[in-house]
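Peer 1: Please build the complex by placing chain B on the supplied structure of chain A, with the hints as guidance.
The lines below spell out each chain.
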Amino acid sequence: MSEKESQSSPSPPKRVVSVEDQPFWDALDEDKFMLAHCPCGAYYARSQACLQCGADAQALTWVPASGRGIVRTFVVFDKPYHPYFKERLPYVVAVVTLEEGPEITTNVVDTDVANVAIGMPVRIVISTRGEEKIHQASARM
Amino acid sequence: MHTYAIAGLGVTPQGVIPGTSAEKLAWDAIELALSDAGLKRSQVNGYIYQPGFGERTSGMAASRASLGTNSTLQVDSSGASGIFTLITAIGMIAAGTADYVMCIHATNARSQSVTVGAGEKNQNAVFGLFSPGAQAALMAQGYMHTYGRSSADLAEIAVALRSNAVPRSDAYMYNRPITVDDHQNSPFIVRPLHLLDYCLVTDGAIAFIVTTAERARDLKTKPVGLLGFGTCHEVGQGYTRGSNTILGPSTLDVEPARSRAFGTAGLRIEDIDVFQFYDAFTIMIALQVEAYGLCAPGEAADWVRAGNLRWDSKRPCNTSGTLHSWAYVQGFTHLAEGIRQLRGESGTTQVPGARTALITNVGITGAGLAQSAVILGVA
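Listed in order, the protein sequences are those of chains A and B. According to my numbering, the stretch in the first sequence is residues -2 to 138, in order. According to my numbering, the stretch in the second sequence is residues 53 to 431, in order.
So that you can see chain A by itself, here it is in the shape it has in the complex (with noise of 0.2 Å):
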C-alpha cells in the first residue's frame, strides 16, 4: 500500500517521534499501519499506559491494524504555514476515527477537498513524503 508522493523543494516537516512511539513509526517504514494494544482490549495510536485498565506501557503490544475508519473533523488550508505546503494548498487535515476506536491525526487524500465530510469512510495508505513514510487517509475505498 505505498503510494510515492512526488518530491520537490522545500523539503517537508520531518516526523517528529517520542521514544516510545517509535515501533509505530519503523513498522509505518515497512509498509505496516499498527496500533498499540492492550490485553484488555483497548487500542491506542500512540504508545502509553492503558488509559482503561491502568496496565503500564510494556503490557501494549503493536498488532496490525485494518486501517479502516471514519472522518471525524476535517480542515482545509488554505494559506501556506510551511513553505512545502505553498504548492499542495488546499489540501485537507483530518482526525480520522478507527474501527479500533483510537483517532489519529492525518491527511485526507484522493478525492477534491469539496467532497470531504464528516462521517466519511476512509482507509489508511502509507505515503512519502520527502524521505519519510507516513500515514495518510484515502477516501478511496
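Hint data in this document are derived by calculation from the structure and do not stem from the laboratory. Where is the CB? At the ideal position from N, CA and C, for every residue including glycine. Be a bit skeptical, because a hint or two may be false.
Claimed, not checked - Within a straight-line C-alpha distance of at most 27 Å, the following computed BS3-like cross-link-like pairs (lysine-lysine) qualify:
1) A/130 with B/173
2) A/29 with B/173
3) A/11 with B/173
4) A/11 with A/83
Said to hold, decoys possible - Partial pick of chain A residues on the chain B-facing surface, computed with a CB cut under 7 Å:
5) 72
6) 103
7) 125
Peer 2: Just chain B now, kept in the frame of chain A:
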C-alpha cells in the same frame, strides 16, 4: 468576601507600534500600573510575566523597571495565562514571598509580522497541521456538523464583537463596523474559518498589581476584588483517544472552571453584570456562552442575533470588542476590560452599575485545551 484584590492597572496604547520592543512596552505598562496604584517601584516584590508571540518579553523588564522583585516567574498556558498569573500571584502572597505582585503581558507580534503557529515543530507538522486557528477550525467544523450551523452563524459573533469596539476610541477597530457579508467575503485561513473568525494581532502591553484586599484599601486606586477562581485543563481529551489533536467538536466542558469560580464567589450566573469571554476565535464564544448556560447548546448564533453579546444588551459580553476588535494582549485583554467595567472606566461602553464580572481565558496548549475563569467584584 474576598482576601485578594487587583490594586493597579496599566494599559499602554494598543495597535501597530513599530520600533518599540516588547520589553519597552512592558516597561510602559509597569509605569502606568505603579502610578495607578500609587506604589513605589521598590514596593513591588513579585513579578510574573506571560511570554508572547513575536519578540518575547522576559524577566528583564522587571529589572529594567527597577522593581524590588523577590521572585520573577514566567507563566505560560497560552491564552489561559492571564488568569493563571493572578492565581500564581496569590500563591506568592499566601506563601509569604511577596506583598505586591506585578502581572504582565507585552507583545509586539504585529510589528514583528508573526504568523502564529507557522513552522512549529510538533507531531502533526508532517501532516501540515499548524496553528491554533486550525485547532479552532477542527472544533468549528464539528460544531457546525452537530448542530446544523454554518459559517454565517459564526459571522454573527464576529459582527457583535466588532459592534462593541465601534464606539470605543481606544479600540483598534474603533468606528469600523462589519457585516455578515464582510465576514463571508473575508478570505478563508483554515476552512471553515474565515479571516474574520480570527482575533487581531497587535502590539501593546497590560499590567496588573495583585495584593491583599487589606493592603489594597490603603492604595490610591479603587481596588477590584478577586472573588473566585476556577480552572480546567482537558489534558486527556486528545491523548486518551490516541490523538494529539484537541477534540471538543461540539461542546466545551467548562467544569470545574465554572463550578469552582462560582462556588468560591458564592454567586450564580444570574448575579453577573458583565462577561468577558475569551475570543481568540468566534467558535470559542459560541462554545462558552453555551457551556456557561447563557443559551442552549447549538443556539449561540440565534442568541447573538436576538441582540445578546452586545455591550448594551441584557447580557453584556466582551464590552471593548476584546481580542477580535480591541487588541491582542491575550487573556490580559479580558481582565483589563473587566477591571475597567467595575471601576466605571469603560467610557462609551460602560455598563451602568456593573458590580460583578466573569472573565474567562482559553489556551490552546501542547497539553490540550486550558481554561481559566475568575469572578471580579467591586471591593
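Peer 1: Holds or violated: the hint that residue 72 of chain A contacts chain B, with Cβ atoms closer than 7 Å.
Peer 2: Hint holds; residue 72 of chain A Cβ to chain B Cβ min 4 Å, cut 7 Å.
Peer 1: Given residue 125 of chain A as an interface hint, is its Cβ closer than 7 Å to any Cβ of chain B?
Peer 2: violated, 12 Å
Peer 1: Could you check if residue 103 of chain A really has its C-beta closer than 7 Å to a C-beta on chain B?
Peer 2: Holds, about 6 Å.
Peer 1: For the pair supplied as a hint, residue 130 of chain A and residue 173 of chain B, confirm whether the alpha-carbon distance does not exceed 27 Å.
Peer 2: holds, 17 Å
Peer 1: Is residue 29 of chain A close enough to residue 173 of chain B, meaning Cα to Cα at most 27 Å?
Peer 2: Roughly 25 Å separates the two Cα atoms, so the pair holds.
Peer 1: Is the Cα-Cα distance between residue 11 of chain A and residue 173 of chain B 27 Å or less?
Peer 2: The given pair, whose Cα atoms are some 9 Å apart, holds under the 27 Å limit.
Peer 1: Straight-line Cα separation of residue 11 of chain A and residue 83 of chain A no greater than 27 Å?
Peer 2: Holds - the C-alpha atoms of residue 83 of chain A and residue 11 of chain A are around 16 Å apart, at most 27 Å.
Comparing the model with each numbered hint stated earlier shows that hint 7 is the single one that does not hold.
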